[in-house]
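For this one, chain A is given, so just place chain B on it according to the hints.
2 protein chains.
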Amino acid sequence: MLAWNPLFRAKPFQFSTLSHTVRSFSCTPIVLRAQVVKRSKSSPNMATATTKKGQPLDRGVIESVLRRRLFYTPSFEIYGGERGLFDYGPPGCALQANVVDLWRKHFVLEEDMLEVDCTMLTPEAVLKTSGHVDKFADWMCKDPKSGEIFRADHLVEQVLEARLRADKDARGMTIEVDEAKEAKKKKKIKDTKIEKLDDAVVQEYEETLAKIDNYSGDELGDLIKKFNIKGPTTGAELDPPKAFNLMFQTQIGPSADKPNGYLRPETAQGQFLNFQKLLEFNQQSMPFASASIGKSFRNEISPRSGLLRVREFLMAEIEHFVDPEGGKKHPRFEDVKETKLTLLNRKVQLSGSTKTEVVTIGEAVSTGLVDNETLGYFLVRIQDFLLKLGIDPSKLRFRQHMANEMAHYAADCWDAELFTSYGWIECVGCADRSAYDLTVHMNKTGAPLVVRQTRAEPLVIEEFQVDLDRKKLGPKFRKDAKAVENAVEALSQELREKLSLDLEKSGKIELQTPGVGSGTTELGSDLVKIEKRKRTEYTREYTPNVIEPSFGIGRILYSLMEHVFYTREGDLARGVLSFPPMIAPTKVLLVPLSSHPDFKPFVKKLTSRLRRIGVPNKVDDSSASIGKRYARNDELGTPFGITIDFQTIKDGSLTLRERDSTKQVRASEDDIIAALKSLVDGEETWEQVSKRLPAFEGQEVD
Amino acid sequence: MLAWNPLFRAKPFQFSTLSHTVRSFSCTPIVLRAQVVKRSKSSPNMATATTKKGQPLDRGVIESVLRRRLFYTPSFEIYGGERGLFDYGPPGCALQANVVDLWRKHFVLEEDMLEVDCTMLTPEAVLKTSGHVDKFADWMCKDPKSGEIFRADHLVEQVLEARLRADKDARGMTIEVDEAKEAKKKKKIKDTKIEKLDDAVVQEYEETLAKIDNYSGDELGDLIKKFNIKGPTTGAELDPPKAFNLMFQTQIGPSADKPNGYLRPETAQGQFLNFQKLLEFNQQSMPFASASIGKSFRNEISPRSGLLRVREFLMAEIEHFVDPEGGKKHPRFEDVKETKLTLLNRKVQLSGSTKTEVVTIGEAVSTGLVDNETLGYFLVRIQDFLLKLGIDPSKLRFRQHMANEMAHYAADCWDAELFTSYGWIECVGCADRSAYDLTVHMNKTGAPLVVRQTRAEPLVIEEFQVDLDRKKLGPKFRKDAKAVENAVEALSQELREKLSLDLEKSGKIELQTPGVGSGTTELGSDLVKIEKRKRTEYTREYTPNVIEPSFGIGRILYSLMEHVFYTREGDLARGVLSFPPMIAPTKVLLVPLSSHPDFKPFVKKLTSRLRRIGVPNKVDDSSASIGKRYARNDELGTPFGITIDFQTIKDGSLTLRERDSTKQVRASEDDIIAALKSLVDGEETWEQVSKRLPAFEGQEVD
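Residue numbers (my numbering), protein chains in the order written: chain A, 3 to 704; chain B, 3 to 704.
Treat each hint with caution, since some may be false.
Claimed, not checked - Below 27 Å or equal to it, Euclidean Cα-Cα: the simulated DSSO-like pairs (lysine-lysine) are:
| no. | chain 1 | residue 1 | chain 2 | residue 2 |
| --- | --- | --- | --- | --- |
| 1 | B | Lys-342 | A | Lys-107 |
| 2 | B | Lys-260 | A | Lys-297 |
| 3 | A | Lys-606 | B | Lys-342 |
| 4 | A | Lys-620 | A | Lys-606 |
Hints are computed from structural coordinates only; laboratory data are not their basis.
In this text, all values refer to a predicted model and were calculated from it rather than measured experimentally.
Isolated chain A (complex conformation):
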């Protein structure tokens, strides 16, 4: 049971883990990658979300900017929309492409990974083996009166939380709540009256909420009965919870008479199935990593929370294959060991706290807090990547999974969580999946998903070996000869030792051979010989373990947009998305002072020069004021602006404006273009550029 107080959780919001959360089962080692509901575990005093400049963040304001500027939009809106599906418009799409590009450079190229692009359509057999067909499900509850469908755990949670809030109201404990929001919440849950609860009931509710992630369907059904939870809109008794598999089913080919395939719920399986070929491609050299960027699909029961919980989403996943022996060292760990991370460890969570600690990864690995070097190395690389994107380091933490969140075979698992107006959101997971996936696929298909390695030093093994005289065995046992042989093969070293003594003593041994004769077979020393001998093994065969960093690109994009957003001093209506130049959708806006025809050749020449040097740019030659045009582009996150004015016509000089400072410099076209290029490539900062080029004070365009 978790001890942290559910009353203080920021919100009732929660979401399925991205991809690799695993749950331990008492007997079946099944990977369950979407199941576990992870809540935003916020500390009691966690501040509410803020903008880049520390202003309180109003989610309504930023969402309105993002939709108005077409970063994203609900899919099929003119057909009434489809919940949990979103389209990216031009700026969202460019941002996504830039983030993917950076990811590819940061991981695939820099780490020399083997990128693959596998199909989304997946035959049933594959996902049966991986465990998804049987276990990748959530529990849903139907209101028989209205036909509404609820996620059972969400419903229990919402109702209990509403009752606890009402209890607090009744006790006069409510402090600083947004009344409108609270009223809305209460309205949603019909059965909530302002009513004081018994202390024992409060405790029971709190304990239930703390464990809400871990109930089975039957247990959820029992809770619904026990706590008298009814259909929220009808008050009707609910049907018992039913498992709903989260994979989209479909039919591949014309001959299937029933669904025989699924859309993949993760990109990982395609990588595992190609393991053998990738190892061969890598010239049998270990360790190595594969990587994949592509869409995955989850049929959420009741999607909400905008881009954070969607039915179709872009993932970027790495499967780093490593020898399980030798402590899972990483050759470049030395380079990163001084890097500091903000960690929220398992023990702290168990003690009911969310207090993080800042430690170097070297220390974290050496104390065993982070299980091994490879896992630690990737935590650092994940942090590097997120910071390059512009993620606010004070809103990033690594949370360790608790024992009950992991499969029994998993060594360790950490999530990179980003703080947003929805609380702490899991955006990247980094799990040690051990040898699970390769093992189950190998067992099922017989494909040798293993590494065979020549031993640096041959391994000498001393062992009891059994020799059978096959020439005599055949005629004596006929059709049973093979069964006898197999029984001998299967003998453990302990038994062999014992039998060798029997043989020495009595000249014969007794063998358990179920199905042959009486079930016991006697072999004399004419047929069998047992000796202790040395054997030399030149090749080692092993199933690699897998360290899996897995990125939810859509969640990262949304969190990033919250982190870089702010409003101009004194004007709440003037939003700015302060993307770093490297990932900004457009790098520079070209603004001719007016639609005067004299400006046109300058604009044309500039766009073609910028295109040649690969700097994405846009022209705004609309009749709006320059201030308005820049304001629009602040919302689009364009970091730079170039104004073409009458001075340009006279002497060819241009002004360059920086988005965040709204300061401008003025210089020749060549100097401005060179400065822009070096800003976009990250070779110079604005501070440096604004020091070496003359400031333009003529008209500050904010």
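Below, chain B alone, put in the same frame as chain A:
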């Protein structure tokens, strides 16, 4: 009927059009985007496929290279594979990423297009409106004995072609055929005996084959009976053809009790549905184009031909929205009008020939061969893109669709076809889809998918207007008042003119009002007034037309790999993929002479320098000979190699090798890196570099 002789078609191979082939229907203007089977229309003397160096191309050889080097591989192979699904391995994946990147630069950035990323999951209602639910189907035939399923048109075609070949054999006409291949073909079709046919039968078969693309299911069924076509493996009578919808169906959300959605068969619909928002984003300015890169899905009945006919494929589609008035001019047409294209026009095809002509696009548009400037502009841009990739210009042609391949509303349609060992393959389509899609979605949803434009000069319209005295109309007609009003609204100008005369003459008019009273309603001049008046229209409203260039990335990749492939002089086993540096998966291979530890620091320094300047590189420090290591990388298409040898340790100099010439230069590290960067960026050619840097003759590494 098509007049070209089907006997001379290169192969029985054919494939569904990429995405935008449309077929005319006598009464329903339904877009049918996968249906039409287009064959490789080769000229009788069409040479067989060749390598880049003009060697005869053996498909087996190149496929073995591509699979061995993991450019692609059948998906789920350890589970027995799934037909029509392929994974890209590391080099294929990098090649694909580079091609997509170039596409984005060439089209989205250079043309300032609005890229969107829409979901693949699509609700049924959308695809019902677009026509896909009802019409996006192929005809399939089942062998009731074996359960095998065939595509009906493919089957008829294969059998008739086999019989015609047998007839030719019997007539002693067979010339220069690969006997092994022919034998294999014959074996496939059980009922083929070497048998001379009547001349009339030959003619009937030929005519049937010429029209094979255009038969309905019933007609195909009739042909199967008439020509006595049986199950190829069983000889059994086949079931009648049934329509098989090519879309993958699925269930979105937990409450649907039957499939309610599909995987998109094209990316276009998502773009159309967002038209209004994109127009707004573009500040109401026309023309503009949206673009989208993403996977689409088609449940092929019987996929074959490797990467050319697959069930899941990457598309890149552009929807260029243009005012239908004013001849669909393009502002940058002037810049491209002198560009020459190889065109195979509709008339030539109708005359039974496949003779192409090389003309400038300016001429083609001015003579009306290509319908309009915008279409012409995109044909040039498509050609530019393909040539940048390394497509052999002599294996590229633009084929115009024949009238019966297009929907009745389409103005014109051209396919960029690439010649490969499978014949001419449609890889890019460029169609004028008119206003069809926006119109049907607007009619269905009521969303105003139109452009509203302030007229430069207000339009004054003189027209008959009808005034009704509604105050009197209501009490008089009660529940029928609305119907009467609607009948008046619907009156044409002609009728209004006639009725105004009636009113003047008799003081009343007679109105057809079906369903109201006797069906005719009389209105007196107390109720109605008709006058000719002037009305001024300040705004023009129109539905844009759409020009759609649509790229099958997988088909382009495969054709490209055939075009750039060759084998080293005198050694058929030494394959080379001669990708241009810009799109090569890896740009440079670093080869230390041996595994001597002294080389390691040089390799490390070099990789980190190359990484910093963004040049993807690989190290091969295996123990294989340098020649072997380069040979491996020739197959991977790596254009450059750097050798680190003992001279490097002495003076820091390196050798740089070029893949195609196998020539080397030797210079300082700085010079080599600078040369490499300029080669990869396309700023210098190898010829230029090899002239200015000293040749290295020490050891030619081929």
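Status of each hint after checking the structure:
{"no.": "1", "hint": "Lys-342/B to Lys-107/A", "in the structure": "violated (38 Å)"}
{"no.": "2", "hint": "Lys-260/B to Lys-297/A", "in the structure": "holds (24 Å)"}
{"no.": "3", "hint": "Lys-606/A to Lys-342/B", "in the structure": "holds (26 Å)"}
{"no.": "4", "hint": "Lys-620/A to Lys-606/A", "in the structure": "holds (11 Å)"}
Going through the hint list in order, the structure does not satisfy hint 1, though it satisfies all others.
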